[in-house]
Amino acid sequence: MNRDELKDIILSALIGVAPEADPATLRDNVPLRDQLDLDSMDFLNFIIAIHKRLGLEIAETDYPHFATLSSAISFLESKLSKS
Amino acid sequence: MAEFLMPKLGTDMQEGILVEWLKKPGDAVHRGDLIAEVETDKGTIQVECFTSGVLEQILVPEGSTVPVGTVLAIIKEEGAPPEAIRQPVVAAPAAGQTAAAKPLEAPPLAPTVKPSTVGQRALMSPAARKRARELGVDPESIHGTGRGGAISLEDVEKAAAAKAAVSTAPPATTTASVSEPAARMARIRQAIAAAMSRSKREIPHYYLSTSIDMHSALSWLAEKNAALPVPDRILYATLLIKAVALALRETPELNALWDGQQGVIAKDIHIGVAVSLRQGGLIAPAIHHVDRLSLEELMVKLRDLVQRTRTGALRASEMTDPTFTVTNLGEQGVESVYGIINPPQVAIVGFGSIVQRPWIVDGQIVPRPIITATLAADHRVSDGHRGGLFLRALDRWLQEPAKL
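These protein sequence lines map, in sequence, to chains R and L.
15 is the number that the numbering used here gives to position 15 of the first sequence; each next residue is one higher, with no gaps.
376 is the number that the numbering used here gives to position 376 of the second sequence; each next residue is one higher, with no gaps.
Here chain L stands alone, though its shape is the one from the complex (with noise of 0.2 Å):
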């Protein structure tokens, strides 16, 4: 058996709205399917299940607020012995309200869960880990009462024992105040202030700048466009993005989360990438393992995730998982950029627009296309020596564009 949960969609998400369930009970799921649509302060996302089997129980009905880390439904694993029929995790909901949460001796405690300020790996013993696991308690929306906010046994209980105390909208409110694109502009106002108000608090911010000729990478690519029809061309920021998650594999020290005493570095090079909504706000999902990507592979999945950005209709893992965060305001006429680091991530790097300007080649002064790449970076976590390696790698793989 398998517990299915609200997912943590955000650094500050605390809790989302179950809008629908795309299975239902008795369906197969496999790794990777969309099952069900929550409602976060970042727009609709779609969530992927994590294991294959059949989903056996749903425990939240649509239309439910309830907090990250409430098991949403049980999915009873392949190749899983049958098992003894387990207690119903919470009461057949009576109409329009529900309450979320596995019956618990203890009396319900007011919730003890706060803003994680410890990033997205949670400090905690391994029984602390799996007690949380056996209770159904994200770790993530604990706080940590232990040394440097590790999260202890007893955290965990208390946590649990709040979750008890979960409430829920009527669905028929709750629904439709979502979908109004103005309550849904509110909501991502505040995740960005949220997020951003805590980055400039607790990073410790430096910023490092370089101007990059452009002219071998637009050349190069303006050549490759030519032999293309318009549906397969690609955008000159395709190359940017690659050029930046190559140049991570050089200094992984910037493609790390912060853990709450120190940058992990991750191995996997996951790419944010800052989309504008067109009524305000932004947000920055990522595109996965960039670094092995074609610039083809990488041009279509940046349209998809761009136009499923502007839709709302984003995937979990897309809003959970980005490394590092590239940002793009060049659009806009700008010359630089110095970015806010979305925490967890211990770094950003703005691009600017491209403008021509008189550029020395060879002793003669030329003009040239020259983009400013501005990397803001966690000073915990690095030096401005290994930022200054990383700008100088993005430089070099952008010279050579066909190696891209």
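So here's chain R without its partners, still in its complex pose (with noise of 0.2 Å):
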């Protein structure tokens, strides 16, 4: 899967938890939690619909890698090559 598919695949988790966000607007590098209103619930529904999309484990130490778009891909990135 490539950078491309795995941002598709994060902005549809965000579009779930955010309805309003626009993937158009959101900056790559600029944490997720500043660019959209999200609460401790909204970022758990975010990471339980990658999970689902992408069947893998992520763990609670991991949720710092999905701060930014970017760290996000690259996290995902690593954990599917390595799967």
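It should be emphasised that the hints constitute simulated quantities derived from the structure, not laboratory data.
Careful, some of the hints might be misleading.
Unchecked claim - EDC-like mimics (lysine to aspartate or glutamate), calculated; alpha carbons at most 20 Å apart, straight line: (1) L:267 to L:213; (2) L:24 to L:77; (3) L:224 to R:62; (4) L:76 to L:48; (5) L:403 to L:383; (6) R:52 to L:321; (7) L:403 to L:304; (8) L:200 to L:213; (9) L:224 to R:8; (10) R:7 to R:34; (11) L:224 to R:57; (12) L:76 to L:15; (13) R:7 to R:77; (14) L:267 to L:232; (15) R:52 to L:232.
Given two chains presented individually in distinct reference frames, assemble the corresponding complex, making use of the accompanying hints.
Laid out in structure tokens, this is it:
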């Protein structure tokens, strides 16, 4: 799965929890929580959506990797290449 | 026969729009079934049936706006003997218009419905209460003229007569306009304004604050979550809510409802959880019997409740019966939250964010995750001493997370 495909998956998970999010205006390297008004319940639902879509277990200790779009893509890319 | 009434879904709710019937005449209904959808200033609420039987007659058509307490439908209860044919409670509605009230001999008066100042439990004699039931008037919608706002038999009769003057908006325009997000927002703001102004006007708040070391709770939770698949993980807010419920068991004066003269201790612990809406505003629907739920059950309920609050699919019972509120603004990075009590409740606790602070443990300075819990409580009902005991109990429970 390439970076663009991963980005699409992440964006669709984000829109699931923040329907008003506009993928066109989201910046890759700015923390998602600063760009979208996500609380911990939203964040958990975001992680659950990615977990369901990719079938990956994501440990709580890995949550910081989901701070920005680009860090999340890199994390998932490396995680998928190992599995 | 039982009457299914337009419920009062918030302290300041005056009327609601019957958006949709989820059952039709002749359908069997059971206690707890969702039977109608009602649009209120808090959004669309699904109303549960309070009894079991057969939905015999629908009296208010979809799209009608009616005051709290209006009879919406008649339910023939299970095991009820066949009754003599009942007078239709309302004439068949003309297109777009209906008079949703019982025929009464008295001429319609100007509505005497006022915002209730006595909280959810109206003061009234058993005779007046019985008469209100007979006439299908919600006691909470009646303005009491007796001593201390007590509702007399005469007040009940007047309110019933006023109900005859009910008018409704044409369904097409009503349902179209209420579904607009901007209109919903405006109504949510209005509801917040009404409840909060009343709270600040009537309730003598006192505030107490304490810092709680969350080290034990968070370490225990991290270990627990490490063994759980993503969808089953528990948020620390769940621990806070459960600890609050257990602390309330020890200080029941704070888990009470103001009845106009005194705080009446609630027999169950239903925690209202303040949920902010993405487009602004907030609603604090209840999770029932929190003290009896496991953390896993509570987490499932919390997720479901947050989702339904944000999509506008709450149930009537969740709107009507919180006995205490928890607000958690830690997400925004604030350290402490001085809540405004949501009447007729008599207390609210606010949690700030968890911050790393130097803390003294066994004579050593160590970094610890600290949360500030702030209690706002009604001084008419409890004193600072009680409030202090509550915060101490809350702290104690959070030091023993395995017991939550």
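Verification of the supplied hints:
no., hint, verdict
1, L:267 to L:213, "30 Å, violated"
2, L:24 to L:77, "15 Å, holds"
3, L:224 to R:62, "16 Å, holds"
4, L:76 to L:48, "16 Å, holds"
5, L:403 to L:383, "28 Å, violated"
6, R:52 to L:321, "35 Å, violated"
7, L:403 to L:304, "24 Å, violated"
8, L:200 to L:213, "31 Å, violated"
9, L:224 to R:8, "32 Å, violated"
10, R:7 to R:34, "18 Å, holds"
11, L:224 to R:57, "15 Å, holds"
12, L:76 to L:15, "25 Å, violated"
13, R:7 to R:77, "10 Å, holds"
14, L:267 to L:232, "31 Å, violated"
15, R:52 to L:232, "12 Å, holds"
Hints 1, 5, 6, 7, 8, 9, 12, 14, counting from the list given before, are not met by this structure.
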